[in-house]
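Trainee: One letter stands for each residue in the lines below.
Number of protein chains: 2
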Amino acid sequence: MSKKGKVYAVGIGPGNIEHMTIKAYNTIKDSEVIVGYKTYIDLIKSLIHDKEIISYGMKSEKERCKKAVDLARQGKIVSIISSGDVGIYGMAGLLLEVADQNKSTKTMEIEIVPGVTASVAAAASIGAPIMHDYVSISLSDLLTDWEVIEKRVEMAARGDFVICLYNPKSKGRQRQIEIAHDTLLKHKSEETVVAIATNVKRQNEKITITTLKDMLKHSIDMFTTVIIGNSKTHMSVDDQFMVTPRGYKI
Amino acid sequence: MSKKGKVYAVGIGPGNIEHMTIKAYNTIKDSEVIVGYKTYIDLIKSLIHDKEIISYGMKSEKERCKKAVDLARQGKIVSIISSGDVGIYGMAGLLLEVADQNKSTKTMEIEIVPGVTASVAAAASIGAPIMHDYVSISLSDLLTDWEVIEKRVEMAARGDFVICLYNPKSKGRQRQIEIAHDTLLKHKSEETVVAIATNVKRQNEKITITTLKDMLKHSIDMFTTVIIGNSKTHMSVDDQFMVTPRGYKI
Chain H
4 MSKKGKVYAV
14 GIGPGNIEHM
24 TIKAYNTIKD
34 SEVIVGYKTY
44 IDLIKSLIHD
54 KEIISYGMKS
64 EKERCKKAVD
74 LARQGKIVSI
84 ISSGDVGIYG
94 MAGLLLEVAD
104 QNKSTKTMEI
114 EIVPGVTASV
124 AAAASIGAPI
134 MHDYVSISLS
144 DLLTDWEVIE
154 KRVEMAARGD
164 FVICLYNPKS
174 KGRQRQIEIA
184 HDTLLKHKSE
194 ETVVAIATNV
204 KRQNEKITIT
214 TLKDMLKHSI
224 DMFTTVIIGN
234 SKTHMSVDDQ
244 FMVTPRGYKI
Chain U
4 MSKKGKVYAV
14 GIGPGNIEHM
24 TIKAYNTIKD
34 SEVIVGYKTY
44 IDLIKSLIHD
54 KEIISYGMKS
64 EKERCKKAVD
74 LARQGKIVSI
84 ISSGDVGIYG
94 MAGLLLEVAD
104 QNKSTKTMEI
114 EIVPGVTASV
124 AAAASIGAPI
134 MHDYVSISLS
144 DLLTDWEVIE
154 KRVEMAARGD
164 FVICLYNPKS
174 KGRQRQIEIA
184 HDTLLKHKSE
194 ETVVAIATNV
204 KRQNEKITIT
214 TLKDMLKHSI
224 DMFTTVIIGN
234 SKTHMSVDDQ
244 FMVTPRGYKI
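One line per chain: the protein sequences are H and U, in this order.
Going left to right, the first sequence walks through residues 4 to 253 as this note's numbering numbers them.
Going left to right, the second sequence walks through residues 4 to 253 as this note's numbering numbers them.
Careful: at least some of the hints might be erroneous.
Which copy is meant is left open, so a pair is good if it fits within one copy or across any two.
Said to hold, decoys possible - Mimicking DSS-like on lysine-lysine, the simulated pairs with C-alpha atoms at most 27 angstroms apart in a straight line are:
hint, residue 1, residue 2
1, K189, K220
2, K69, K189
3, K252, K6
4, K216, K62
5, K174, K65
6, K154, K216
7, K62, K252
8, K79, K204
9, K216, K41
10, K70, K154
11, K252, K65
12, K220, K41
13, K191, K154
14, K9, K252
15, K209, K109
16, K189, K252
17, K41, K154
18, K209, K7
19, K41, K252
20, K54, K189
21, K204, K9
22, K6, K174
23, K191, K54
These aren't lab readings, by the way, just hints derived from the structure by calculation.
In this text the structure is predicted, and so the values were computed from the model without any measurement.
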């Protein structure tokens, strides 16, 4: 009998290999085939030069998952990769949905390997901005109605959460961050501390500390995570670090 | 001149060493002193048998930070550890606040090393429940007014976020999860899928899938993370996995 194939959905962390978990590293090393978006494949190419690599452009998520499932049904050990954590705006969910549709799990297995997501990596580069209750919102309305996203931005602001914005802006989506900004200003002080973190833990990492009032004056792109503090977030240690206090008496 | 000391605030991940990042592993290996809560020290003891270990009981967070800062001012390389990510309900924020108070960073350095937080690790063991916008809320009111927490629970429910609850219950805090549950039921369907994840990625990992209606019938303790789905979260792949769809057409 031939061996049973398996797909691992692997979060490779923010970008450089040292922020990958040991489990993610070993899983990729032990896989026969690596499937992923070209940009992410490039981030780990030093790890996978001896592997079969199936690399895709943007917006081919379903094809990637189908390919990974097909290969596993043929008995292959496959890693399908996402940057950050694979379970936060990554490939894990779609992979499970595709496997469910194909009734594939009778003939192959699936395992999710977690990773350090963009907001956590960005927070570490900035200090400790998400030490207290926070929300994660993607501003991409490609797959989600804008009304749902805007309501979430409003509720997050009214709850005085720290707010991490994924996919804040791209060439095709310029207005969303402006509308979200207007909503935030209705419920949060314009002096709220904001960090704009681009290419975190990659070459050309750039961190800008600003305020809610001024945040749109700075460069934001599809490699940016925006972290908006709560009402108690402040700069600390000679303005080196952004900190949201947990509430300890110092 | 003596060497400059440094404190690394290190997130060791959910518990087993393989879910630690390579950077966290190497940082701990390269440190002279390890400071932490005894339970977390025990999780990594195979890594640190040749180190000076300063282990504390619960509720000694400030002492731990002061000790780490003092040692670094004496020129030592110190890792202060938290389980999960050190920047999410961990030691990073308090460490920076203590260092700020002591004006310590003229004589020592601080670096934050991110890790896989409990909600991300739990999600991977369950499937893909936090594939879409989510909030993280700690139900511990030791340091935060309960009114603030309760408002956040309400706003999270009204925004139809996936909700990850940290510190849901302990010996001394039994009522908080009951009040939160009442609030959630006002805004979310009682059939909402809920996962109760205890000791994730440790020995005796236990995952229970239930509904919002029934969640309090199951065992919840201080090693539990509770993940409450959004209105579209469902079970998938023969009920093996909990999935919150991103919105792709399958």
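Trainee: Now tell me if each hint is right for this structure.
Mentor: Outcome of the hint check:
Taking the closest pair of Cα atoms, K189 and K220 come within 27 angstroms of each other only inside a single copy of the chain (19 angstroms); across copies the shortest separation is 40 angstroms, beyond that limit. In this homomeric assembly, K69 and K189 never come within 27 angstroms of each other (Cα to Cα): the closest approach is 44 angstroms inside a single copy and 39 angstroms across copies. Taking CA atoms no more than 27 angstroms apart as the test, K252 paired with K6 passes in neither setting, with 58 angstroms inside one copy and 32 angstroms between copies. Taking CA atoms no more than 27 angstroms apart as the test, K216 paired with K62 passes in neither setting, with 33 angstroms inside one copy and 38 angstroms between copies.
Taking CA atoms no more than 27 angstroms apart as the test, K174 paired with K65 passes inside one copy only; the shortest distance there is 22 angstroms, against 46 angstroms between copies. Within a single copy, K154 and K216 get their C-alpha atoms as close as 20 angstroms, and across copies as close as 25 angstroms, so both meet the 27 angstroms cut-off. For the identical chains of this complex, K62 and K252 are inter-copy neighbours only, at 12 angstroms across copies versus 48 angstroms inside a copy, given an alpha-carbon limit of 27 angstroms. When the C-alpha separation of K79 and K204 is checked against a cutoff of 27 angstroms, the pair qualifies only between copies, where the shortest distance is 26 angstroms, while the shortest distance within a copy is 32 angstroms.
In this assembly of identical chains, K216 and K41 lie within 27 angstroms of each other by CA distance neither inside one copy nor across copies; the values are 36 angstroms within and 44 angstroms between. With identical chains, the CA atoms of K70 and K154 are never at most 27 angstroms apart, being 36 angstroms at best within one copy and 44 angstroms at best between copies. Taking CA atoms no more than 27 angstroms apart as the test, K252 paired with K65 passes between copies only; the shortest distance there is 9 angstroms, against 50 angstroms inside one copy. Taking the closest pair of Cα atoms, K220 and K41 never come within 27 angstroms of each other, the shortest separation being 31 angstroms inside a single copy and 46 angstroms across copies.
Proximity of K191 and K154 under a CA criterion of 27 angstroms is satisfied in both settings, with 15 angstroms inside one chain copy and 15 angstroms between copies. Proximity of K9 and K252 under a CA criterion of 27 angstroms is satisfied inter-copy only: 24 angstroms between copies versus 50 angstroms inside one chain copy. Within a single copy, K209 and K109 get their C-alpha atoms only as close as 46 angstroms, which misses the 27 angstroms cut-off; across copies the closest is 24 angstroms, which meets it. In this assembly of identical chains, K189 and K252 lie within 27 angstroms of each other by CA distance neither inside one copy nor across copies; the values are 30 angstroms within and 35 angstroms between.
Taking the shortest alpha-carbon separations for K41 and K154, neither the intra-copy value of 33 angstroms nor the inter-copy value of 42 angstroms comes in at or below 27 angstroms. Within a single copy, K209 and K7 get their C-alpha atoms only as close as 44 angstroms, which misses the 27 angstroms cut-off; across copies the closest is 26 angstroms, which meets it. When the C-alpha separation of K41 and K252 is checked against a cutoff of 27 angstroms, the pair qualifies only between copies, where the shortest distance is 22 angstroms, while the shortest distance within a copy is 48 angstroms. Taking the closest pair of Cα atoms, K54 and K189 never come within 27 angstroms of each other, the shortest separation being 52 angstroms inside a single copy and 52 angstroms across copies.
For the homomeric pair K204 and K9, the shortest alpha-carbon distance between copies (20 angstroms) is at most 27 angstroms, but the shortest distance inside one copy (30 angstroms) is not. In this assembly of identical chains, K6 and K174 lie within 27 angstroms of each other by CA distance neither inside one copy nor across copies; the values are 45 angstroms within and 48 angstroms between. Proximity of K191 to K54 under the C-alpha cut-off of 27 angstroms is found in neither arrangement, the shortest distances being 49 angstroms within a copy and 46 angstroms between copies.
The earlier numbered hints that this structure contradicts are 2, 3, 4, 9, 10, 12, 16, 17, 20, 22 and 23.
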